[in-house]
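Going by my numbering, the first residue of the sequence shown is number 1, and it counts up by one from there.
Worth flagging that the hints you see were computed from the coordinates, not collected in a lab. Built from N, CA and C at the ideal position, the CB exists for glycine as well. It is possible that part of the hints are untrue.
Subject to a maximum C-alpha distance of 20 Å in a straight line, what follows is the list of computed EDC-like cross-link-like pairs (lysine to aspartate or glutamate) [unchecked claim]:
1) K322 to E272
2) K619 to D579
3) K80 to D222
4) K171 to D202
5) K133 to E205
6) K377 to D454
7) K173 to E195
8) K464 to D222
9) K322 to E302
10) K171 to E183
11) K57 to E42
12) K50 to E38
13) K80 to E38
14) K57 to E77
15) K464 to E302
16) K147 to D168
17) K173 to E183
18) K80 to E151
19) K468 to E302
20) K171 to E36
21) K80 to D203
What follows is a list of derived Cβ distance ranges for each label pair [said to hold, decoys possible]:
22) L595 to I537: 20 to 28 Å
23) E36 to H265: 36 to 44 Å
24) E218 to Y52: 28 to 36 Å
25) A426 to D611: 27 to 35 Å
26) S419 to L399: 35 to 43 Å
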Amino acid sequence: MSGESVVSLKSFKFPKTEALPEKNEEVEEELQKNYEAESPDEAALVYGAKAYGFTLKSRELHRAVVELPSGAEKEFEIVKVLPFDSTRKRMSVVVRSNGELILFCKGADRGAERRNPTDVIQGVLQRVSRKFKESAFGARVIEESQKVLNEYATEGLRTLCIAMKRLDEEKFKTWSDSYDYMEEHNGEDSPLLREKAAQLEDDLELLGVTAIEDRLQENVEDTIASLREAGIQVWVLTGDKLETAMNIARSCNLFRSDMLTVHVHNVNNIDETLSPPYNVVLNTDAIESFRKGDLQMVEFVEKCTAVLCYRMTPADKADVVKAVKKHLKGKTLSIGDGANDVPMIQTAHVGIGITGMEGMQAAMASDFAIARFHFLKRLLLVHGHWSYYRIASILLHFLFKNTMFVMVIFWYQFFNQFSANSPLEALFGMLYPIIFTGLQPIIFAIFDQDAHQDVLFQNPHLYKQGRKNKLYGWLQFVLNILDAFWQSAAVFFIAYGVYNGTDADFWAFSFQLCSGIFIVNSLHLLLISGSWTMLLIWLNVFFTVFYFGFYLIYAALVQPSWKIEPNNPVGTFITSMVDGVFWCVLLLTIIVALLPRIIGNLLMNTIVPNDVFLGQEKKKTEDRESAAPSTCCGCRMRFFQL
Numbered sequence: 001m002s003g004e005s006v007v008s009l010k011s012f013k014f015p016k017t018e019a020l021p022e023k024n025e026e027v028e029e030e031l032q033k034n035y036e037a038e039s040p041d042e043a044a045l046v047y048g049a050k051a052y053g054f055t056l057k058s059r060e061l062h063r064a065v066v067e068l069p070s071g072a073e074k075e076f077e078i079v080k081v082l083p084f085d086s087t088r089k090r091m092s093v094v095v096r097s098n099g100e101l102i103l104f105c106k107g108a109d110r111g112a113e114r115r116n117p118t119d120v121i122q123g124v125l126q127r128v129s130r131k132f133k134e135s136a137f138g139a140r141v142i143e144e145s146q147k148v149l150n151e152y153a154t155e156g157l158r159t160l161c162i163a164m165k166r167l168d169e170e171k172f173k174t175w176s177d178s179y180d181y182m183e184e185h186n187g188e189d190s191p192l193l194r195e196k197a198a199q200l201e202d203d204l205e206l207l208g209v210t211a212i213e214d215r216l217q218e219n220v221e222d223t224i225a226s227l228r229e230a231g232i233q234v235w236v237l238t239g240d241k242l243e244t245a246m247n248i249a250r251s252c253n254l255f256r257s258d259m260l261t262v263h264v265h266n267v268n269n270i271d272e273t274l275s276p277p278y279n280v281v282l283n284t285d286a287i288e289s290f291r292k293g294d295l296q297m298v299e300f301v302e303k304c305t306a307v308l309c310y311r312m313t314p315a316d317k318a319d320v321v322k323a324v325k326k327h328l329k330g331k332t333l334s335i336g337d338g339a340n341d342v343p344m345i346q347t348a349h350v351g352i353g354i355t356g357m358e359g360m361q362a363a364m365a366s367d368f369a370i371a372r373f374h375f376l377k378r379l380l381l382v383h384g385h386w387s388y389y390r391i392a393s394i395l396l397h398f399l400f401k402n403t404m405f406v407m408v409i410f411w412y413q414f415f416n417q418f419s420a421n422s423p424l425e426a427l428f429g430m431l432y433p434i435i436f437t438g439l440q441p442i443i444f445a446i447f448d449q450d451a452h453q454d455v456l457f458q459n460p461h462l463y464k465q466g467r468k469n470k471l472y473g474w475l476q477f478v479l480n481i482l483d484a485f486w487q488s489a490a491v492f493f494i495a496y497g498v499y500n501g502t503d504a505d506f507w508a509f510s511f512q513l514c515s516g517i518f519i520v521n522s523l524h525l526l527l528i529s530g531s532w533t534m535l536l537i538w539l540n541v542f543f544t545v546f547y548f549g550f551y552l553i554y555a556a557l558v559q560p561s562w563k564i565e566p567n568n569p570v571g572t573f574i575t576s577m578v579d580g581v582f583w584c585v586l587l588l589t590i591i592v593a594l595l596p597r598i599i600g601n602l603l604m605n606t607i608v609p610n611d612v613f614l615g616q617e618k619k620k621t622e623d624r625e626s627a628a629p630s631t632c633c634g635c636r637m638r639f640f641q642l
């Protein structure tokens with residue numbers, strides 16, 4: 001949800017704080033220079049310092065040059081860099097200036113609440129030396145810092161504490177040798193290495209506080225509101241402190257002002273009499289109860305509209321997603337834009353990464369990558385809806401298609417002493433699923449739409465059709481199979497009733513069955529289509545012509561000497577195609593086979609139309625009033641899905 005990061009240029013109330021320089025052309029020109037950084041926050045801090053007159057002139061591997069407000073340049077030798085990691089929630093750099101070895105550290109003010117005071121994950125404020133705390137200056141700095149931190153957090157700004165420590169050369173060398181050895185033998189992600197870094201980042205002196213505004217991207221509020229209307233429970237997992245997280249939750253419309261927000265600290269303060277809708281804020285103890293599957297906590301969270309979890313590490317985020325999958329039994333989608341979101345993205349059923357200033361780690365680890373958060377609305381409400389509709393429809397169609405094919409053979413067995421012989425021409429049995437009816441379902445599954453994208457975009461509640469699996473349940477399955485039984489019976493028994501007792505041979509009867517199966521199946525696919533695209537229509541026309549053309553060529557090529565059982569189809573297909581009885585039987589078969597579905601569609605659309613149908617009809621009415629076509633091909637029809 002985050003956009004660009006902007007440093008807050010509020011003056012600190014500390015001694016020796018520089019005032020923001022007056023704007024002039026030189027300053028404005030300098031501010032236009034671009035810096036490249038590992039994260040937008042890093043760049044924002046450098047730009048903020050630059051606005052106060054401290055300009056980073058150059059940065060090399062072991063050297064940095066800073067221009068002071070006076071115009072003089074100060075050089076720093078970079079001795080050691082302890083990179084940021086999500087467990088420590090801080091980073092440090094050891095520099096040498098004027099022969100003095102100094103450690104500068106920046107990071108979160110406090111660690112996760114459930115950690116003990118000696119843990120590596122302690123925040124910068126928790127690592128300030130006792131001597132500094134007890135001094136008059138230090139006590140005043142800490143007091144002012146706490147005040148500013150709370151003020152910034154309430155405004156929704158992301159805060160960092162800056163601290164320093166003067167190092168002894170010999171002690172640092174001993175520590176550095178040990179750190180390098182552990183890094184070489186244990187790897188950069190070793191917990192032992194983090195503990196070693198924490199040993200150096202202790203007994204600090206607090207310098208001040210920075211605040212960065214992590215601006216929300218455009219249309220975040222509308223996207224969150226649409227997800228809520230779609231019936232999706234939104235969880236926000238953030239590493240920010242409570243005040244910052246709450247401010248962001250309100251600004252992005254996650255927590256509406258007209259809805260109750262409940263802070264849950266443990267199972268004991270859950271109000272079971274509370275009825276939805278309400279929002280929930282979980283602290284670390286409450287999250288732990290949820291992860292352990294406490295029934296009271298799970299039931300309370302399950303009924304809420306949105307959940308906010310703060311002070312979360314990447315591992316904590318992944319654990320919460322696992323707990324949601326396990327206890328709420330739902331499908332999960334995780335979306336994030338930074339490296340700290342990767343575990344969460346990979347844990348969810350569907351992971352979405354946002355590309356941008358935070359880097360490409362989240363996008364590379366995701367199932368889908370998008371450029372802006374609000375693209376999630378179209379991805380879910382439009383493409384997600386279409387995807388579910390197409391998968392459900394094509395599964396039912398394949399079940400129908402194969403059941404109908406087999407049932408025609410089954411009906412024949414009653415008149416053939418169950419000899420297992422097929423009444424269908426051998427080549428048709430091979431070409432029917434692959435050639436004659438192979439491409440049309442693929443095009444249907446790729447392009448078919450049950451509703452226009454504008455309808456789905458403007459009516460997020462239509463997404464519930466997929467969430468509640470309304471198109472592929474037991475009722476739809478049974479009705480689909482019964483429809484296949486009926487249509488197969490119509491194909492077989494109409495042909496049998498007409499040809500039985502006549503002088504027509506086996507091949508004429510077989511060709512009548514094959515043609516009935518093919519034509520009825522093709523028309524059935526058009527009936528279940530939500531939109532008739534020109535591509536699908538022309539494909540059906542082409543394969544219909546191809547089907548009859550194939551058998552004309554086949555009949556012309558077959559010779560009397562070919563050994564085809566039970567007899568040779570010499571001229572049979574051509575004879576059938578010029579016989580009026582063949583076409584009359586085929587037309588009667590189509591009417592009888594498809595009439596129940598057509599009548600069922602009309603009755604359902606008239607008596608109990610579903611929300612998607614109503615939304616689509618409303619869109620058609622608006623299009624007609626504005627004289628705008630509803631699809632690019634100008635041909636669109638919607639039939640109710642049984």
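How the hints compare with the structure:
1. K322 to E272: Violated - the C-alpha atoms of E272 and K322 are around 25 Å apart, more than 20 Å.
2. K619 to D579: 46 Å, violated
3. K80 to D222: 46 Å, violated
4. K171 to D202: Roughly 14 Å separates the two Cα atoms, so the pair holds.
5. K133 to E205: 9 Å, holds
6. K377 to D454: Distance of about 12 Å is within 20 Å: holds.
7. K173 to E195: Measuring from Cα to Cα gives roughly 17 Å; hence the hint holds.
8. K464 to D222: 18 Å, holds
9. K322 to E302: 15 Å, holds
10. K171 to E183: 18 Å, holds
11. K57 to E42: 15 Å, holds
12. K50 to E38: 18 Å, holds
13. K80 to E38: 17 Å, holds
14. K57 to E77: The hint holds at about 14 Å.
15. K464 to E302: Judged against 20 Å, a Cα distance of about 17 Å means the pair holds.
16. K147 to D168: 33 Å, violated
17. K173 to E183: 15 Å, holds
18. K80 to E151: 33 Å, violated
19. K468 to E302: OK: K468 and E302 at ~16 Å, within 20 Å.
20. K171 to E36: Violated: K171 and E36 sit about 34 Å apart, past 20 Å.
21. K80 to D203: 18 Å, holds
22. L595 to I537: 20 to 28 Å: This hint holds: roughly 21 Å between Cβ atoms.
23. E36 to H265: 36 to 44 Å: 43 Å, holds
24. E218 to Y52: 28 to 36 Å: For E218 and Y52 the Cβ distance comes to about 30 Å; the hint holds.
25. A426 to D611: 27 to 35 Å: 47 Å, violated
26. S419 to L399: 35 to 43 Å: Cβ of S419 to Cβ of L399: about 27 Å, so the range 35 to 43 Å is violated.
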